[in-house]
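The listed protein sequences derive, respectively, from chains A and B. If you're matching positions, the first sequence starts at 9 in this note's numbering and goes up one per residue. If you're matching positions, the second sequence starts at 5 in this note's numbering and goes up one per residue.
These are calculated hints, taken from the structure and not from any lab test. It cannot be assumed that every hint is accurate.
[Stated by the list, open to error] Among the chain B residues that face chain A by a calculated CB cut under 7 Å, a handful are: (1) P47; (2) A91; (3) L94; (4) G107; (5) P108; (6) G109.
C-beta: ideal position from N, C-alpha, C; glycine also.
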Amino acid sequence: AQSVTQPDIHITVSEGASLELRCNYSYGATPYLFWYVQSPGQGLQLLLKYFSGDTLVQGIKGFEAEFKRSQSSFNLRKPSVHWSDAAEYFCAVGADNAGNMLTFGGGTRLMVKP
Amino acid sequence: DAGVTQSPTHLIKTRGQHVTLRCSPISGHKSVSWYQQVLGQGPQFIFQYYEKEERGRGNFPDRFSARQFPNYSSELNVNALLLGDSALYLCASSLELYEQYFGPGTRLTVT
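So here's chain A without its partners, still in its complex pose (with noise of 0.2 Å):
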């Protein structure tokens, strides 16, 4: 079955600072990823997805990950942070074997300070 770690429950960074979310994961074969982000009492959006090709996914609101393979990672960056992304981020792995299921990490706590 897979897993998927998000190793940093807080993040706190200055606006206009860079970030970057850590994401592991676990599964045999190649997985599918994906980056959620959850404002407070709301649903989950989509910022970006990795189903195959070239390892960086550039998403939407200026984000991009990193497929490493042989790290079994899926990290999340921005160059440049704005006070409105304030939010839960939530990594996600989706596999072949289990029809449209995603499996969830924890998810990271993101507070900017201005």
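Following the hints, position chain B against chain A.
Only chain B this time, still in chain A's reference frame:
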């Protein structure tokens, strides 16, 4: 285009009662999935339906059931509610494999 819609937004139930949550997918999407998100945790997969057939089931008790209608909308039913069922219930629809779009969720509180 309208996104995934869910109803109701919030509801409060008493232990032992039954609840039905509803979801309408994005127009053209034939797959609907349900997730439970307990406060402070990531979402957990409950069910997936495609073309009105169950395609996947997570590790949830039989008190949880779902169905999908000919118009691809879906219902999630939970019987004999427990305090631990209090959570945000998320519905997601998809057109292509795995790319799921989530609704705003239904906040269920069991007292």
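* To do: Would you pick out the hints that fail for this structure and give their numbers low to high?
  => Of the numbered hints given earlier, the structure breaks just one, which is hint 2.
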